[in-house]
Amino acid sequence: MASVSRKYHPDRVLNPIRRRIFRTHITRTENFVAAGLVLVIVLAGAWVLAQRDNYDPGERDISIEALREGSIAQLPYEAPLVRWREPGSVAGAAGPDLGPFSSSLLAGGWQLEGRIESYDASNLYEKINGQAEQYLKFGFEQLHWANLEQNGVLMTLELYDQSEFRNALGVFASQRDATQSVANRGPLYFYRTSVGAIGLAGARFFKITGSESSEVVSGKTDQLLDVLGELPRDAAGSDAPFNVLADGLGLPFEDISYEKENALQYDFFGDVWFGMTGEHRATRVFIHRAETPDEVSNLFDQLVAEQEYEYTPVEKSEARALMKHEFLDTFFAVARRDDWLYGLDGAPDQATAVRTMTRLEKELP
Amino acid sequence: MSKKDKPVQRPDYVKAPLSRRQFGTRIAAVLGIGGGAAYLAGAPAGWPLSMKDPTGLRSMPVHTPVQLGDYRVAKAAGVPDVVVARGGVDAETRLRMALEPLGGITHFVQPGEIVLVKPNVAFDRSPNLGATSQPELLSVLVRMLLVDARVQEVRIADNPIESPADCFAKSGIRRAVEQAGGRVYLPDSNAFKVLHTPGAKLIEQWPIFHRPLTNVDKVIGVAPVKDHNLCHASMGMKNWYGLLGGRRNQFHQDIHEIVSDLSLMMRPTLTILDGSQILMKNGPTGGDPSDVKPGDAIVCGVDPVALDAWAFEHLLERGQYYPRYLALAEQKGSGEVAWTGRVREVRA
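If you read the sequences in order, they're chains A and B. Going by numbering that gives the first Met the number 0, 160 is the number at position 161 of the first sequence; the sequence numbering is gapless. Going by numbering that gives the first Met the number 0, 52 is the number at position 53 of the second sequence; the sequence numbering is gapless.
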């Protein structure tokens, strides 16, 4: 007791006596145990720090099964399942939103997987990253994408609104399988693939793709072509250059194409229609319609000047030029009339070039 | 002595008066601590040690960029850089044929390791359209890694811009690899980390789908061979684009630079090109099976640049007008375009 009282400091405001250890001796065992505990805590802390980034990343994924097991079903009231109906719409008339497509889209017991997806020019890359630029180059406006399913068979319908017939044709021509002949059904031009069809309907380019090559897919493709044929017609199906090539020269649809830019590999030459004519479709005629005759005149001069690097002029005037390739011996011709610029490339001889140009001039409006 | 009789305080306790000095010292201490706390709480944002955060920027989490390791394995002497296996009855035969001259799969991975396999699952297309990696080859590879190489875990991951779940389902890859014992990792917003890639021009600091790369020991790329609308060909190096996060579509403005950057970002253990369904045109999405050319080749190798160059010439049949990204990748030290003398072709 005396040894304890010696440690008092009578002048302290806060007397520490309640916290003071009365024992004068702490055993060695206790010291070792305390040191051991401290060591364990330090080691545990170090281990936690070391393992901070060393986790199983799968732990961050909570599976649906785990969520289901860990959840408790509480159903104080089970509401009857009722099909969703847009507020204000007629009762009983609601169905899934099919976007631009008619209800025939789901004919034959096909189900819509998810909903119709829509993309515009700002987010097209979200759907077809890497390919989007090809559509954007041709005046793309909107994509509608439908996934259909029936008994495990999947079908995809892609409908690209390219704003104008010429743009849709441009996309079609750049993607088309050249070995396939193009069929025509009403407003549709298309060719069949082993799992669907690819084609255009007015200003819209479409692709139908099934997950397998089967009768089921073939039948549904037919039916989807009907759905596409029912789409409202756009007013862009009658481009004058197209009519010259198709009706005037009588070229089949698959021999007509359109290039928005870099026609004949010249960056100044765009908005050009092409058609393959002659034996073995070797001669390619082209037509461009400009805004003004002055624009055509400038373009004509520029084109002739560029071509003279590789071609030798045979005939040349202010509105017409006929040239022969220095090495290939093929003929190139270009002429202008009002706001029309037209010509041909790859004619095998001069007579063919002259004959084709005469025919082309005759068909121009 | 009963509890009641026990004195409250020790009997020898003497109440201690407080000296003036001690009182002053303690008051100063209390004022100092209180004043310091008040300063920390109330000091304007620009002042030293201020805790004010009116814009919230100070409390934003700071993402320390991570850096990927080099997953390559040293090549044994006399082993070719690229092996092409042709023929064979199935993908397994071809893959084994292609790996054997490189030392077999056990040369690249060791028992107990974690392996990431990166296929191309970019689009929700069925495998017959050639836009994605073929599920059969992935299934064979996963089984080979688990059974032959006895690895701890095989992860399969990709970050498609479209719905990842749909892409993995429709391409048939999820089903194939899960049946084989692999584990599919789908991206979510927490699965990304900022990656630092020294020497990369466009992606020196860029978010990457990092969760499946956590603690990974080896990385294997399994890519289809396909045409690409912008960079002419999408093969082994372009495949790593699928790990990028953020608004990566902007890189299409300079696609050759980004593909060569990808060769710096990822130094894979092994690259496998699947030449069984080659998308010859209308890539990268395709849509017409007639654009797909059936083949019987599997190309494996440790030089991704030579691998792509060989495939561009022989599988895509584009001649030697190689895409510009191959030359850029070579400049960045990722490999060599000149494959002559470095490719061994084996046939069943």
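In short, the hints are calculated from the structure, not lab data. Treat the hints loosely; a few may be bogus.
Sample of chain B residues with no beta-carbon within 10 Å of chain A, all distances over it, derived [claimed, not checked]:
1. G35
2. W46
3. M50
4. P60
5. V72
6. D123
7. V193
8. L229
9. G282
10. P283
11. G286
12. P288
13. D290
14. Q319
Footprint (simulated), chain B over chain A, 3 or more residues, beta carbon under 8 Å [what the hints assert, rightly or not]:
15. 121-128
16. 167-181
17. 185-194
Partial list, computed: chain A residues near chain B (C-beta under 10 Å) [unchecked claim]:
18. K206
19. G209
20. D221
Just so it is clear, CB atoms sit at the ideal spot from N, CA and C, and this is done for glycine as well.
Here is what the structure says about each hint:
1. G35: The claim holds: G35/B sits with its nearest Cβ about 22 Å from chain A, beyond 10 Å.
2. W46: holds (32 Å)
3. M50: holds (26 Å)
4. P60: holds (15 Å)
5. V72: holds (23 Å)
6. D123: violated (8 Å)
7. V193: Since the minimum Cβ distance to chain A is about 14 Å, V193/B lies beyond 10 Å and the statement holds.
8. L229: Contrary to the label, L229/B does not stay out of reach of chain A, its closest Cβ about 6 Å off (not over 10 Å).
9. G282: violated (8 Å)
10. P283: Answer for P283/B: violated, closest chain A Cβ roughly 4 Å.
11. G286: About 5 Å separates G286/B from the closest Cβ of chain A, which leaves it inside 10 Å; violated.
12. P288: Since the minimum Cβ distance to chain A is about 5 Å, P288/B lies within 10 Å and the statement is violated.
13. D290: Given a closest Cβ separation of 7 Å, the condition is violated.
14. Q319: Label holds. Min Cβ-Cβ 21 Å, cutoff 10 Å.
15. 121-128: holds (count 5)
16. 167-181: With 4 residues close enough to chain B, the hint holds.
17. 185-194: Result for this restraint: holds, n = 3.
18. K206: holds (5 Å)
19. G209: Where the cut-off is 10 Å and the nearest Cβ of chain B is about 8 Å from G209/A, the hint holds.
20. D221: violated (17 Å)
The earlier numbered hints that this structure contradicts are 6, 8, 9, 10, 11, 12, 13, 20.
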